[in-house]
Amino acid sequence: MPLTPLTRPLTAEDAAHFLRRTAFGATDEQIRALVGQKAQDVARAALAFDQSIAPGNPFDPMQGATPGAAIQLGRGAWLYELAYGPHPLREKLALTWSNHFVIATDKVRNVPAVADYLNLLRRHAATRSFERFTLEVAQSPAMLRYLDNDQNRKGKPNENFSRELLELFTTGIGAYTENDVREGARALTGWTFQGGRGNKQYLEQPRFVNQTQQHDTGRKTYLGQSGALKGEDIVRIATSQPATATFVSRKLHRAFLADTPDDAAVRGSAETWTRSRGDVMAVLTELLASEAFYASRSRIIRSPVEFLVGGIRTLGQPKIDARSLLNLAGTAGRMGQVLLEPDTVKGWDGGREWINDTTLLLRMQVAAALTMGSKAPNLDTPPSLLALTGQERPAGAVLLSSLKGRQRTYLSLISPEFQLA
Amino acid sequence: MTNRRDFLKLSALAVAATSGMPGFLARAATQAGGTKTLVVVQLTGGNDGLNTLIPYSNGAYYAARPTIAIPKKDVLTVTPDLGMHPALRPLMKLWDEGHLAWMENVGYPNPNRSHFASMAIWHTADPSQAQGDGWIGRIAEKIGDPFCASNLGAATPQALQASEFSLPSIDSVDNFQLKLPAGMNTPFESLLNSPRSGEAAYLTRATRQMLKNTARVQENVRKYKAGATYPDTKFAAQLRDAARLIAAGVGQRVIYVSLGGFDTHAGQRAEQDGLLGTLAGGLSAFQADLERQGLARDVIVMGFSEFGRRVAENGSAGTDHGKGSVMFAFGQGVKGGVHGSSPDLEDLSEGDIKYRQDFRGVYAEALTRWLNLDARGILGGTFTGPRWIA
Chain A
1 MPLTPLTRPL TAEDAAHFLR RTAFGATDEQ IRALVGQKAQ DVARAALAFD
51 QSIAPGNPFD PMQGATPGAA IQLGRGAWLY ELAYGPHPLR EKLALTWSNH
101 FVIATDKVRN VPAVADYLNL LRRHAATRSF ERFTLEVAQS PAMLRYLDND
151 QNRKGKPNEN FSRELLELFT TGIGAYTEND VREGARALTG WTFQGGRGNK
201 QYLEQPRFVN QTQQHDTGRK TYLGQSGALK GEDIVRIATS QPATATFVSR
251 KLHRAFLADT PDDAAVRGSA ETWTRSRGDV MAVLTELLAS EAFYASRSRI
301 IRSPVEFLVG GIRTLGQPKI DARSLLNLAG TAGRMGQVLL EPDTVKGWDG
351 GREWINDTTL LLRMQVAAAL TMGSKAPNLD TPPSLLALTG QERPAGAVLL
401 SSLKGRQRTY LSLISPEFQL A
Chain B
1001 MTNRRDFLKL SALAVAATSG MPGFLARAAT QAGGTKTLVV VQLTGGNDGL
1051 NTLIPYSNGA YYAARPTIAI PKKDVLTVTP DLGMHPALRP LMKLWDEGHL
1101 AWMENVGYPN PNRSHFASMA IWHTADPSQA QGDGWIGRIA EKIGDPFCAS
1151 NLGAATPQAL QASEFSLPSI DSVDNFQLKL PAGMNTPFES LLNSPRSGEA
1201 AYLTRATRQM LKNTARVQEN VRKYKAGATY PDTKFAAQLR DAARLIAAGV
1251 GQRVIYVSLG GFDTHAGQRA EQDGLLGTLA GGLSAFQADL ERQGLARDVI
1301 VMGFSEFGRR VAENGSAGTD HGKGSVMFAF GQGVKGGVHG SSPDLEDLSE
1351 GDIKYRQDFR GVYAEALTRW LNLDARGILG GTFTGPRWIA
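Chains A and B are the protein sequences, given in the same order. Per the numbering used here, the first sequence starts with residue 1, numbered consecutively. Per the numbering used here, the second sequence starts with residue 1001, numbered consecutively.
Careful: at least some of the hints might be erroneous.
Some but not every residue of chain B turned toward chain A, in silico, with C-beta under 10 Å [stated by the list, open to error]:
#1 1156
#2 1190
#3 1192
#4 1194
#5 1213
#6 1221
#7 1224
#8 1263
#9 1314
#10 1318
#11 1320
#12 1373
Hints listed in this document are in silico derivations from the structure and should not be mistaken for laboratory results. Only a predicted model underlies this, so the values are computations on that prediction, with no experimental measurement involved. We put the CB at the ideal spot given by N, CA and C, even for glycine.
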């Protein structure tokens, strides 16, 4: 069964919920602009993004004096786009995909490769073809390097990418055998890249190459299909498995509906996925206008990046200087979320895993910096409680209303309500 | 500004507000008892056991690894068949004193070569992968004190998840303190007192627990003065924080630290050699510190990785995911030596070392004979293993 669409016109709390999930948060004015609209129209409009980016981004990774510095600047550039860019849903999806097709910048230290990878996530943010998306990821120098497929050669297989393609990118555990991993690795032999290797070439553009002389042309059997399979075949077979529809739909539900997704709702999206042959745009359009989506308030614990960007967007995108933005990117890391560098290829688990003593303390520090610090924005007209908490009458509303602008905003940012979306 | 009054006020609030806590969190920490501490070291990514405790007398080892084997002349001999990786030299003193144990061929039935499935199995002590909570989380439930175990690092591993709560993660002891702006104490208290449900209630509980934990640590850690110089690594800094917590006597029975990067599919020698050096440097400083503080009698260290790696090297001078591997333990309470037989390189399982000792037997020894806890209740069964506690 496809997901049931929401039929009522959006209320203020519906609108606040939609923008918390798809735009990290919003001002009272942005929320009010959606009130009374149809859920389908709102979802379609949010998904109708292009590739334009925020003007005036102060960070240019190519100016980095060392590979490490360049990567830091790249993180700053992305945080700027997340906080100030014209298409927050595109960036939210790119962030979600960066936690699905994981790479890590401690291993991929080449700046153009990382930039290409991020642009690939943006271009396919609401892709019409998950197969095409996966193929481009598989051939991106960043991924080839991260999962060692650049070293996967005929007779000398390296199984790293082949394993994660199944376990983490497509079907998930339980839908394949160890033999599929080995045969997939054989099919992927020869995919590598040229250029951009080593610390000195960190600004050089690497290019995908298919080294046919390193490809194992023999017969393979992969997920029940046999033949002289190539890398493209492996990607096509893996992405078209029924298990992939469910596995990736569940990831989308974790990003947009709940930390602990509802199985029936996931099945609904998986059916749409299967019917549309992996059309993520179709799945998302249905998802973001569904009753299930609007019934899922406060079921996602905001990640560190969502917390920071949510704070900035809820405060009306106050100007924050470049150094402070870099500090914020670093703080997100200390809270467990270094952009483009999850701890492992599985990505961040999210949910309650974001919360512990240390991360709570850091969230309180960030909230204080955004509202009370020496560079904090003017809060004479503080955000409304609806913008801050997603509710018109949140817990502690009387107390919050009695406080001055800065204090009210600070306390709201460290409240359980703001931590949730 | 933070001051002592704020701490006291907030911690008093946290104590008074335990009625909304899940059962085990609300009980007083009277059962914590005991003075022994277990430090668990996780080597993330699948450490290659064969290049850690090296079967240097076995020709099959050198045949399978033409480029990445550790040359015999570099091996730190510990038995006629086995020797330690040269980067582990800082741990040789412990070996010579009879306080370093190696457990050979450790694993579990139906090995899983996924990093995450396998790590979850080690964390939950459940190869069927049915359990969500961790074995250390269950220790905390048994003891009845959510602060009896903590992780040093930014993210809480699954091993420290209890059914209703995750145990503390302390990224840095120095920063583990609350800084509320002036005048915000009372409103913050009131805000936390509003009734909530679902994830909002979870966050409220987590915040209260944090207030309590930070107060407890800060009131005690000032007693500590380092007794050794630690290397300049994040791993060593976390071990130094572990020593501080132990010296502070805040009641921690299990402390968890991790060192990542062992997923050596390519260029293994450079990667693993460096990591083992970081490991040994940090651990030997930690041990020296404990000895100088007079705490060494009460602390042991136990290390593991989610799996070992394939016997034969791959075409990238690395190794792919394997099965059985080594564990290590050290401390004055540890019976040194190699527990278990040398790996059999002629009888492999899909190219991997077969496991011959179940890791839950290794855990059981620490639980019953070191922490004096009922291992059966924590591990969900009776497991016997090497007698590695002295």
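A quick look at each hint next to the structure:
1. 1156: Holds - the Cβ of residue 1156(B) comes within 10 Å of chain A, reaching about 5 Å at its closest.
2. 1190: holds (5 Å)
3. 1192: holds (8 Å)
4. 1194: Since chain A brings a Cβ to about 4 Å from residue 1194(B), closer than 10 Å, the hint holds.
5. 1213: holds (5 Å)
6. 1221: Hint violated; residue 1221(B) Cβ to chain A Cβ min 14 Å, cut 10 Å.
7. 1224: violated (19 Å)
8. 1263: At about 8 Å, which falls below the 10 Å cut-off, the nearest Cβ of chain A leaves the hint on residue 1263(B) intact, so it holds.
9. 1314: holds (5 Å)
10. 1318: holds (7 Å)
11. 1320: holds (5 Å)
12. 1373: violated (24 Å)
Figure legend: structure checked against the earlier numbered hints; hints not met, in rising order: 6, 7 and 12.
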